[in-house]
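Chemist: For the record, the sequence lines run as chains A, B and C.
Using my numbering, the first residue of the first sequence is number 1, and each one after it goes up by one.
Using my numbering, the first residue of the second sequence is number 1, and each one after it goes up by one.
Using my numbering, the first residue of the third sequence is number 1, and each one after it goes up by one.
Note that these hints are calculated values from the structure, not bench results.
Be aware that one or more of the hints could be misleading.
Not the full set, but computed from the structure, chain A residues with beta-carbon under 8 Å of chain B [what the hints assert, rightly or not]:
id	residue
1	Lys3
2	Met52
3	Gly76
4	Arg83
5	Lys84
6	Met88
7	Phe90
8	Asn94
9	Ser99
10	Tyr106
11	Arg122
12	Asp134
13	Ile163
14	Ser166
Beta-carbon label-pair distances, calculated as ranges [said to hold, decoys possible]:
id	chain 1	residue 1	chain 2	residue 2	range
15	C	Phe196	B	Phe43	26 to 36 Å
16	B	Ile309	C	Cys21	19 to 29 Å
17	C	Ile277	A	Ile180	57 to 67 Å
18	C	Gly79	B	Leu384	29 to 39 Å
19	A	Glu187	C	Phe196	50 to 60 Å
20	C	Cys21	B	Leu30	26 to 36 Å
21	B	Gly395	C	Ile281	55 to 65 Å
22	B	Lys37	C	Lys106	23 to 33 Å
Positions of the beta carbon are idealized from the N, C-alpha and C atoms, including for glycine.
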Amino acid sequence: MNKLESKQVNFYYGSSHALKDINLAIEANTVTALIGPSGCGKSTYLRLFNRMNDLISDTRLTGEVIIDGVNIYKKGINVDNLRKMTGMVFQKPNPFPKSIFENVAYGLRVNGITDKKFIEERVETTIKQVVLWDEVKDKLKKSAFELSGGQQQRLCIARAMAIQPSVILMDEPTSALDPISTSKVEELIHELKTKYTIVIVTHNMQQAARVSDHTAFFYLGELVEYGVTKQIFTNPNVERTQNYITGRFG
Amino acid sequence: MKPFFKNFSEKLIEGLLMICGTITSLTVVLIVFFLFKEGLGVFNKKAVEEGYVVMVNKSNPVNSISPEDIKNIFDSKITSWKDLGGKNDSIILFRLEDISNYFTDEQIGENFEGLPLLLNRVVDSIPQILAFFPEKYLGKNFKGREIEAGKITFSTFFGGKEWFPTAQPAAQLGVMPLVMGTLWVSLGAILLALPLGLAAAIFLSEIAKDKVRRVMKPLIELLAGIPSVVYGFFGLVVIVPAIQKLFNLPVGETGLAGSIILGIMALPTIITISEDAMRNTPRAMKEASLALGASKWQTIYKIVIPYSISGISAAAILGIGRAIGETMAVLMVTGNAAVIPTSILEPMRTIPATIAAELGEAPDGGLHYKALFALGCILFIITLVINLIVEFISGSKKNRRV
Amino acid sequence: MAIDENKITRSKKRNQSIAFCVFAVIGFLIVAILVTVLSFIVIKGIGVINWDFITKMPEDGMTKGGIYPAIIGTLCLVGGSMIFAFPIGVMAAICMNEYVKDGILKKIIKQMTNNLSGVPSIVFGLFGMALFVNKLGFGDSILAGSLTLGLLALPVVIRTTEEALKAVDDTFRHASLGLGATTWQTTRNVVLPIAFPNIITGLILSVGRVSGETAPILFTVAAYFLPKLPTSIFDQAMALPYHLYVLSTSGTNIEESRPIAYGTALVLIIIVLLTNILANILRKYFSKKVKMN
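Here chain A stands alone, though its shape is the one from the complex (with noise of 0.2 Å):
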């Protein structure tokens, strides 16, 4: 069974039209890149799956988006038990004010779990995941401040990740980080693969075709065109995709 999917979705901001007539399945366990030019309509498409849109005014939705098999926005979905089960990774590291343990553990905080040490024990396993535990093993109480760019954004993917999420949605997970951080954060999107379904939007071509399985193009609130990275990336079969992955725009 397909983990996500959307039928005939549309989305509207005020009159504008953001998405139009998105069908579109991602099957669980593989990693899926949405590319296209700004404002082309994938980083709202990929808060759908969360229902980040919500909490903008003035927006609507028409069509299905579906995880598990479940119109998630059908009436009496509790949207903070579905925002639990997707976890999410923004554009610019951005921790909460809080300790590092503390930045891990909210996500289990806020849902209700008091266990003190099911949570140390949650929050030292996550963060050694995403390979951050030798490097700040003797610093949880310090401020999560205090961390460099590119382990931030680890941590707030552990964050992410301590609530055991069955998906993760990443928005251009590595703009604000240098090569190094970048390549780390690669890799651990590679190994996470085998868990979570992993759903990442990235202006970055390259990456795109190191870390996906399967590509999405948008282009002006349009699915241009959606299959196999390597096919996407070698042979597309629409001229707009092979223009923009050439560079001849974006």
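Dock chains B and C against the given chain A, drawing on the hints supplied.
Modeler: Positioned in the frame of chain A, the structure of chains B and C alone reads:
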């Protein structure tokens, strides 16, 4: 010629701008100078009426009497020299008019020409005497000893429990009642205004719809502009009678009335500043919290409030500062009794209200006048400290973000 | 599936609804309080205000007649204080923002302005009395009162002007300087025209502030009862806020002069409202004009 002129006029303008820039700085210096010059003049002055001397017998070991003691002696609350650090003898108080108890009118003489001699005799012959009389009747070779009576020191000024600057024979200049009154009224105001203001700020910045916000915010800002005398008037005609009725009090002019009015006046300050601070919370941070499954309310109290805490505390402190310095509204509704308060339902008097109420009656350059300037100094120092605290708080926030 | 409701989500939801309810109630309560203050004065005062009220002298121990001299007095004070504070304040702000480089001098001026804006108005009154009334020998006069109020308005004018100047994007300055213009030419021809609307708005807002101040004029100008108009800047004068204070606390017959007090309060509020509205209109008007050019 022309470029020279242009150059010259530009230099002139530049100079003018510099002068204006320094004027502001100079103003503060001038304020400090005048306030403290007059205000510090109150210390080491004598609280006894000008032109009077206080004499004791030569054998008396007491060297000084505080203004408060003088009053207590006249009120017969202190009757023994022992209480003043002297011998175990009762005090015999002697005022000029008492002279007729000791001598006949003939001895005094028609134009009081016999007075210096007689006064000398009285003070010399009664060891327990404490004599008050005008300096002009002080004869040569006076056998008594002048003591330092009613000297105003830092401790009598800041520790004194009574404020009665026109009291006879010694002005009582203790700021305790005024300081306590100011504290009670301001703290009451902030206790009312802070929770309400914070709740309103949270509502405005995080919960309210855009439409509601757009109506509410300018309204609240507008109310910051209403003159304090109008608030005072409102308090006088509405809140004061209501308090009197509600608590069944003889008068409604109480500390509580002042706290309520000051609280209302501090609300706009607290709301706008803390709302601004909350709105400065990065959107990405709020979204990250929501994306982890936190509810909106959890995000507010776990992320938004901790993030904006320095702005919120600045708002609280500035609110207190405004409350402490506010004059007219308080003057109109608190009843202005200069007594150390024991309950919020008593009339109280604050420092600014005292200045406003009494400066008109205090003769220029006199003790009372100087004492009121000293109160002004206290206010100035308080506001200075508050400014520094606020700056420190916002400064430390900047450092944290880097 | 885990999306469904459970115990934790229910309690999260309940806590949130309770909290939001409380905040909304408090938010509207505060607006209600503030609206009550306003509407109370408006309702009580509206019946008093008429042409005679604002153009007649007070009569019968201030229980009858109008508040004409108080209105004129306040106008004189506001005008006088602005003549003093506006040029100095604007120039000081220009000096700080366009000329002085970041450094010790700027820090000092900034610190001083900050401190000045926090000083309670009664302290300004004390200072005005000591310097203008006594030391310089102006006596209780419009001059002394205007100067005192001007000092009080100075930090307000400086701060708003500075904000207006800061809002001008640096690219404008760089473009002008890059063409070889001097700092002053840049300021006069580029920065000031763009910042002008906001500077004017700041001026009007400080007029609103100054017109309502009572404490600084208590000992520098205000006359308890003076049924004639001032003829020179060395005359005493009545003023609206002080008049309201006197009427409500120490008039000869407080009960009978109540209606006049309500009327005076309303006039004061109207002045504040008008200055606010005027400031907004001007800001909009000017910002359109700047855009068009």
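Chemist: For the hint on Tyr106(A), just tell me whether its beta-carbon gets within less than 8 Å of chain B.
Modeler: 6 Å, holds
Chemist: So does Glu187(A) sit 50 to 60 Å from Phe196(C), Cβ to Cβ?
Modeler: 56 Å, holds
Chemist: Does Lys84(A) hold up as a contact with chain B if the rule is Cβ-Cβ below 8 Å?
Modeler: Hint on Lys84(A): holds, closest Cβ of chain B at ~3 Å, below 8 Å.
Chemist: Going by Cβ atoms only, is Ser166(A) closer than 8 Å to chain B?
Modeler: Violated, because the Cβ-Cβ distance from Ser166(A) to chain B comes to roughly 13 Å (cut-off 8 Å).
Chemist: Honestly, do Ile277(C) and Ile180(A) meet the 57 to 67 Å range at C-beta?
Modeler: 58 Å, holds
Chemist: Is the hint on Arg83(A) kept, meaning its closest Cβ partner in chain B is under 8 Å away?
Modeler: 5 Å, holds
Chemist: Starting from the hint 26 to 36 Å, judge whether the C-beta atoms of Cys21(C) and Leu30(B) obey it.
Modeler: 53 Å, violated
Chemist: Is the interface hint satisfied for Met88(A)? The criterion is a beta-carbon contact with chain B at less than 8 Å.
Modeler: 4 Å, holds
Chemist: With a cut-off of 8 Å, does the beta carbon of Asp134(A) approach a beta carbon of chain B closely enough for the hint to hold?
Modeler: 25 Å, violated
Chemist: With 55 to 65 Å as the target window, see if Gly395(B) and Ile281(C) comply at their CB atoms.
Modeler: 38 Å, violated
Chemist: Is the hint on Ser99(A) kept, meaning its closest Cβ partner in chain B is under 8 Å away?
Modeler: Hint on Ser99(A): violated, closest Cβ of chain B at ~12 Å, above 8 Å.
Chemist: Using the Cβ atoms, figure out if Lys37(B) sits within 23 to 33 Å of Lys106(C).
Modeler: 29 Å, holds
Checked against the numbered hints given earlier, the structure breaks hints 1, 3, 9, 11, 12, 14, 15, 20, 21 and satisfies all the rest.
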